Amino acid sequence: MNEKWIKILVLAGLALAIVFTPVLMSQSRKMIQVKGSDTLVNLVQILAENFMEKNPSVPLAVLGGGSSTGISALLNGTCDIADASRDWKQKEFDQAWEKGIKVKLFALAIDGLSIVVNEKNPLNELTMDQVAALYRGEVKKWKDVGGADLKVSLYGRQSNSGTYAFLLEHVLKNKPYSTDMKEMNGNAQIIEGILSDEAGIGYTGVGYVVDKSTGQVMKGLKVLKISKAKGQPSYSPLDKEAVYSGNYPISRALWQATNGTPTGGVKAFIEYELSPEGQKVVEAEGFFPIQGPLAEKNRENLK
Amino acid sequence: MDFVKKLILITAALLALGLAGFAQQTYQMTVYFDYSHFITTDGYLTSNALTNKFHFRRAYFNYENKISDNLKFRFRYDADNTANLTSVDFVKQTVKKDDKLRPFVKHIFLEYSINWLQSKFNIGMIETMAFKLSEDRWGLRSVAKTFADGYKDITGESIDMTSADMGITWKGVVSKELRFGLGVHNGSHYSHVEGDKYKKFSGYVQIVPVNGISLVGYADMERQAEGKDAVTYKVDALINLIPKANLVFEWLQYDSDLKAYKSGGWSAYATYQITAGKLGIFFRYDNYQPNMSDSNKDMSLIIAGLDWFAWGKACRIQPNVWIYNYKNSAKKTDVAGVVTFFMTF
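Line by line, the protein sequences are chains V and C.
Just so you know, the first sequence maps onto residues 1 to 303 in the working numbering.
Just so you know, the second sequence maps onto residues 304 to 648 in the working numbering.
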């Protein structure tokens with residue numbers, strides 16, 4: 001190596017340092033990235049806004065995209081908190097193991113996954129088997145489950161959605177969805193579809209079915225009661241006790257995950273979400289607060 | 304019916320079945336080009352005649368169709384200026400060549416997944432398993448190919464490795480500590496049709512003994528002629544013990560009965576995201592031994608630089624420097640400063 005280009009290299013290094021120092025300095029106030037579940041995105045956005053009001057030095061960015069997208073982002077190191085409306089899959093834990101990610105899970109809320117129809121639909125309840133048969137495309141007419149003589153119009157999510165995956169596993173027993181199902185981008189789009197489709201059926205987080213201004217189920221929408229099997233009592237996802245007790249058969253925890261025990265701003269935000277104040281927001285948004293063993297596990301994972 | 308025809312028929316049949324169902328389709332375009340400036344002008348490669356240039360390197364068009372929960376199809380068009388055949392003049396019996404970017408099919412395959420062993424089966428013109436794991440860790444294909452992938456470009460010595468080939472692979476996970484892959488390919492790469500009856504057999508075992516440390520042993524073998532084999536051995540150590548940092552070691556050896564010498568070498572690289580999705584740094588050292596019987600042909604390459612997400616993921620600017628050193632004292636060191644522009648949308 002001759003002296004000339006060593007000098008040039010040093011100068012180039014200095015030039016790069018000058019160019020990038022402002023960039024590096026601007027990163028010192030790091031934005032915490034939260035990404036994933038569309039079911040959680042509105043709730044976490046409100047929690048983040050409340051948190052930032054009190055902690056303006058801890059900026060947060062909350063994005064949806066689906067549970068799988070959030071989990072992938074955590075595995076790729078491009079987000080700090082991954083939101084998921086389903087349990088992590090074994091292959092995701094295996095990827096985390098390979099990539100040195102130490103997954104810590106926090107249950108943020110309990111959701112009664114709601115089966116919704118247009119309010120003009122005469123049905124009030126379905127069994128789990130009927131929901132499965134409808135979504136698998138085995139039942140194509142509403143009259144076959146006690147409804148009107150209309151062709152069933154299925155609304156669902158795309159496969160990167162945790163809600164899609166949860167229903168597939170827990171209700172459809174891993175048999176595929178009907179190819180007639182319309183794959184919507186989010187919960188809000190499913191609701192919009194149902195409101196304008198008398199023959200529609202959809203699934204969504206319970207936080208999306210209530211009109212926040214009235215505290216009642218959104219006008220034009222009907223939330224069906226679900227029973228575990230024919231002849232057994234049916235329950236509504238709006239019935240808090242039925243969701244907690246498991247009598248409502250498609251309730252689930254909504255999760256957040258971090259890489260390792262959270263520290264700094266990430267820890268402060270999760271502590272706020274799980275605090276009584278944060279859990280009040282959870283309830284105000286139509287979901288149910290965490291209690292019992294899940295709350296205890298959250299406390300352990302924060303240590 | 305030969306192997307290629309069978310593959311095409313099976314692929315078409317599976318595709319037809321899959322397309323009957325629902326589909327999620329994604330399209331992505333990725334482009335990268337460089338501005339490079341030779342800092343040395345008297346090196347082995349660098350000269351006063353060509354001190355700087357813009358160089359359009361790659362353009363990809365990627366189409367993926369998630370046909371069902373366990374069936375996926377990918378079509379990838381790739382363009383570079385090595386595919387430089389323009390036209391054939393049938394009267395003069397000549398071909399016209401230039402350096403325009405021209406497209407070619409890089410991937411066209413189906414991926415079928417099942418829960419058993421988290422298995423993934425790929426069939427068609429597929430990604431090979433030779434350096435996929437280390438390439439994923441490197442994540443800077445726009446700056447440089449990984450060690451094994453770019454071996455021939457750097458040294459001029461072919462080690463018969465490619466990123467894509469016609470064939471079938473099966474990858475699976477036995478446990479979180481143990482993964483594997485098996486494959487059979489034409490061995491003619493994506494740029495040539497199969498020219499002989501021999502197939503390339505490949506496989507890897509990945510052991511992940513602790514969270515964040517992987518050891519990958521890879522081997523492939525193909526008969527070159529009657530009684531003449533070519534074998535490649537590769538070992539990777541993939542280390543992720545620091546959040547947002549990758550540390551990788553690659554070791555490689557190629558041994559062909561058609562050549563009087565072995566080729567090999569090793570590479571070590573580290574990447575670190577200073578701020579995820581904003582700014583990263585990288586450093587790499589490659590040691591090439593294109594003729595292991597003649598150490599005078601040994602050479603090394605250092606690549607170091609920054610990965611700046613100037614406009615989010617859509618546009619990254621990657622200033623970097625390349626330093627070539629040669630064991631042969633008659634060859635002088637080459638140094639180039641490069642600014643790589645990476646765009647995806």
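Treat the hints loosely; a few may be bogus.
Which stretches of chain V does chain C cover? Using the computed rule of at least three CB atoms under 8 Å from a CB of chain C, they are [unchecked claim]:
id: 1; stretch: 43-54
id: 2; stretch: 184-196
id: 3; stretch: 225-237
What follows is a list of derived Cβ distance ranges for each label pair [what the hints assert, rightly or not]:
id: 4; chain 1: V; residue 1: Thr-78; chain 2: C; residue 2: Tyr-330; range: 45 to 55 Å
id: 5; chain 1: C; residue 1: Asn-418; chain 2: V; residue 2: Met-31; range: 32 to 42 Å
id: 6; chain 1: V; residue 1: Ala-61; chain 2: C; residue 2: Glu-497; range: 45 to 55 Å
id: 7; chain 1: V; residue 1: Thr-78; chain 2: C; residue 2: Phe-552; range: 33 to 43 Å
id: 8; chain 1: C; residue 1: Tyr-338; chain 2: V; residue 2: Met-31; range: 24 to 34 Å
id: 9; chain 1: V; residue 1: Phe-93; chain 2: C; residue 2: Leu-353; range: 16 to 26 Å
id: 10; chain 1: C; residue 1: Ala-522; chain 2: V; residue 2: Thr-78; range: 28 to 38 Å
id: 11; chain 1: V; residue 1: Gln-158; chain 2: C; residue 2: Ala-540; range: 30 to 40 Å
id: 12; chain 1: C; residue 1: Lys-403; chain 2: V; residue 2: Asn-50; range: 49 to 59 Å
id: 13; chain 1: C; residue 1: Thr-329; chain 2: V; residue 2: Lys-151; range: 26 to 36 Å
id: 14; chain 1: C; residue 1: Ala-613; chain 2: V; residue 2: Leu-150; range: 15 to 25 Å
id: 15; chain 1: V; residue 1: Pro-293; chain 2: C; residue 2: Asn-418; range: 20 to 30 Å
No lab work stands behind these hints, which were simulated from the structure alone.
Small disclaimer: the values here were computed from a predicted structure and weren't measured.
Note that CB positions come from ideal geometry on N, CA and C, so glycine has one too.
For each hint, the structure was consulted:
{"no.": "1", "hint": "43-54", "verdict": "violated (count 0)"}
{"no.": "2", "hint": "184-196", "verdict": "violated (count 0)"}
{"no.": "3", "hint": "225-237", "verdict": "violated (count 0)"}
{"no.": "4", "hint": "V:Thr-78 / C:Tyr-330: 45 to 55 Å", "verdict": "violated, 21 Å"}
{"no.": "5", "hint": "C:Asn-418 / V:Met-31: 32 to 42 Å", "verdict": "holds, 38 Å"}
{"no.": "6", "hint": "V:Ala-61 / C:Glu-497: 45 to 55 Å", "verdict": "holds, 50 Å"}
{"no.": "7", "hint": "V:Thr-78 / C:Phe-552: 33 to 43 Å", "verdict": "violated, 25 Å"}
{"no.": "8", "hint": "C:Tyr-338 / V:Met-31: 24 to 34 Å", "verdict": "holds, 31 Å"}
{"no.": "9", "hint": "V:Phe-93 / C:Leu-353: 16 to 26 Å", "verdict": "violated, 52 Å"}
{"no.": "10", "hint": "C:Ala-522 / V:Thr-78: 28 to 38 Å", "verdict": "holds, 33 Å"}
{"no.": "11", "hint": "V:Gln-158 / C:Ala-540: 30 to 40 Å", "verdict": "holds, 37 Å"}
{"no.": "12", "hint": "C:Lys-403 / V:Asn-50: 49 to 59 Å", "verdict": "holds, 57 Å"}
{"no.": "13", "hint": "C:Thr-329 / V:Lys-151: 26 to 36 Å", "verdict": "holds, 30 Å"}
{"no.": "14", "hint": "C:Ala-613 / V:Leu-150: 15 to 25 Å", "verdict": "violated, 53 Å"}
{"no.": "15", "hint": "V:Pro-293 / C:Asn-418: 20 to 30 Å", "verdict": "holds, 29 Å"}
Hint compliance for this structure: hints 1, 2, 3, 4, 7, 9, 14 are broken, all remaining hints hold.
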